[in-house]
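These protein sequence lines are chains B and F, in that order.
Going by my numbering, 68 is the number at position 68 of the first sequence; the sequence numbering is gapless.
Going by my numbering, 578 is the number at position 578 of the second sequence; the sequence numbering is gapless.
Just to be clear, a hint being listed does not mean it is correct.
Some chain F residues judged to face chain B by a derived CB distance under 8 Å, without partners named [unchecked claim]:
(1) K16
(2) T586
(3) N592
(4) I596
(5) L617
(6) N620
(7) M642
These aren't lab readings, by the way, just hints derived from the structure by calculation.
Backbone N, C-alpha and C define an ideal beta-carbon position, used for all residues, glycine too.
One letter stands for each residue in the lines below.
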Amino acid sequence: MKKPEKETFGAVSRRTFIKGLGATAITTVAAQTAAVAQELEKANAEKVVGPGAVPVSLTVNGEKLQLQLEPRVTLLDALRNYSSLTGSKEGCDRAACGACTVLFDGAPIYSCQKLAIEAQGHEITTVEGLAKNGTLSKVQQAFIDKDALQCGYCTPGFVMSVTALLNKNPRPTLEEAKHACSGNLCRCGTHPHVIKAIFEAAGISVADKTKVIKYG
Amino acid sequence: MAEWPTNRKYISGNVKRVDAAPKVTGKARYSSDIQANGWLYGMILRSKWPAAKILSVNLDKALKVPGIKAAVVARDGQFTVRYYGEEIAAVAGSSKQACLDALRAIEVNAQPSAGFVVHEDDGLKQDSPQVWEGTPNAGDPHVRNRGDMDSAFSECAAVIEGFYTSPVQIHNPMETHGNTVSWTDEGVTAWASTQGIGSVQDGFSGALGVDRSKVRVITDYMGGGFGSKFGPGVEGLLAAQLSKKAGAPVRLMLTRFDEALAVGNRPSSFQKIKMGALADGKLHAFQFENYGTAGIGAGADRGGGGGGVNIPAPYLYKVTNIHASQRGVAVNAGSARAFRAPGNPPASFGMECAMDDLAVKLGMDPVQFRLINDPVEIRRNEYKVGAAAIGWKDKYKKPGSSPGVVKTGIGCAGANWGGGRGSPDTQGEAQINPDGSIEIRIGVQDIGTGTKTVIAVVAAEMLGLKPEQITVKVGDTNFPPGPGSGGSATCASVSPVTFDICSNALQQLQSKSGIADARGDNWFAACKSLGVTPLKVTGQWQESLAGGPAYGVQFAEVEVDTETGLVTVKKIVAVHDCGLIIDRLTLESQINGGCIIGMGYALYEERVMDRVSGVVLNPNFETYKLSGIADVPEIEAILINMPERGVIGIGEPATIPTAGAIANAVANAIGVRVPNLPITPAKVLAALGKVPPITA
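Please construct the entire structure, taking both the sequences and the accompanying hints into account.
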């Protein structure tokens, strides 16, 4: 599961303010209206950034990235187009295909749905950050061994989802394996090999169903 | 005559994809990842009208948006747009956000047409608004006649009639269409997401008026094409113009939304089939009327259905008496393009459904019925193999006789693919260095099928080296020309060429080094004798090493919930003759992929057009459904290795029969035919009489 978000810019973030508002509103709705409007104005005045580029500091694969970004730039866009981290792919830009999946404090998220400024202060891991000192992660190696990729465009997203799954659940069932990848689309149709790769990485042996036979 | 070695170490083995590591680490640079020096984003403004005259386009305000470096109108002067999503203008700027702002600032003065047509049935009407002015939307039918139909049907022991339909299917490769293009005085360089670097080079050269020798196309990695990525596309040409204007490389990748509108699709089919067989089960009479749309592409060719609407029928079978009539219907929608096995999945679906319906009417087992009628011995054998593997004898029951709410069913269908033989024009070269390293270069591209791996496997086998010792370079028009990745022809194109390169290399190394057999252990010694000058050898295609056609049959087992209408595919058995298998591992991936795209065609995929507004209603992955990992059944691939037939491509045959097999399994489960793809829960319930049928 995703950890609660830390807010890192502005004295009062919109989210924490609204949370507070919820609790307050239950008890003293009418009386507080004026105060609420005032508070809102104050909070907004403090946190409005942009529309021009602002400094954004991201921690990606353990390294700091200092970027100048318009606040509307997504984390995916920041990775792919404002740094050279093009491993995370854009397949839909609207949280439907999963090609942009990265780990956000260890949890898989669609990086196309997170603004880069919101990602400040969090640990982001992309597919480029999985191999350590040139050694591929178990998941990456299993994808190679089981040919769990074809064109490879969805592969970084699948690799990240599977990495998150096995970090949390080292010996998943078939249903759990499928569930973990249900937010990732693949058009080449490589899913059966992804399942094999998940089990290979988890150290669970799977029977090979394919037969090669002679004619006649 | 060249022959494949009979003792094989790597060929037919499980060799891991040679470019898998860059793909799993994110190091692979796809066309959409290219960051050329000073590159700009490009974006396209598309028509929001299904049909309109564009009187003028004003780019002034767009050009004033901060960060915007260039803007162009898609065509000169006044022009007509014929579908929702047709290109009107394009901009290039220093950020995606600037481009989004600029698109909103473009002023288009348009005169929307009074009428348009987006449904095939509307297009068939005489008075429907014409997509191409002065040309009826429904083309003249392409007609074939043989025998006397009236008497032929009267001689039949059983006759069925059905109306089987398949929708427009969208390619939706995971990497959208697009290019990074740099057009300078020196020429054009395009990093293209393409399955045909040669055809893209031709396209840029022709459209931009730049010598072919000054156009270079590079495709190191590309994210799928399925037949829709052979040319530079309007988007590529716009990127080139923007690049020239801005004096910088422009990366113009389409959005997912654009993919549903303008870059190809599989045409629909509406197949009215009347078919009869004699008492012995022999097909005797086949009456076929089919129409379908290739969008505005159906308007270009009048002879019975351009753009792949004319499908092969009666497909796999020989029938004495035939009346067939087919035509294309133009509608205001994006043009069709080749889509994995063009024409064949709808042909297999329609005909194989009719086969099962007729078998049921004859009281005959559907597999037996096919064994009687299928003229190809290899495929008849595949039916026997597949039937045994899925347990047909035990599992095939009278349609609808499965007890309970969730009913099980089983079905089968066959495929035919005439391509796959390889392209005789393919050429390649290798540079062999004195240190024993070797680089093979072919101007082909790896669409994801494992083309680079195939080249490495063949070279390793021929030279007695390991696949990882072979450096394979593809995806550059500076290399000797290779084929487009289409028609299942790539494997059978590059394998014989690689064979020839290696044979020539061994011959020359022998004469230069005096070592009789330069393979394996002798390789490095032989190469060392080259001194300081690398050896360069070329290779040509060898007919005797490639084969085809390819056949193939698939069996599907399904569960159908008769309360919800949900179809779950439990298992697919895919039996395919593969000629000489080059790499089993990547072949298996091809077969899985064929089945899974075929399953999407059967159950989930359909482009939905709105009759009122003329727009595509589902231009995204939320509403245009692909098979997901939870939908995917157990797939058992049975690969028939027939080395004596040479190398045969398998990408296309693997996707042809899936939809027919699944549709037949559904009919077997519930006892009634759902004749319209995709087989959605609503259609299952309607077929069962539980809800009223859906009308478009």
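Enumerate the violated hints, using their earlier numbering and listing them in ascending order.
-> 5
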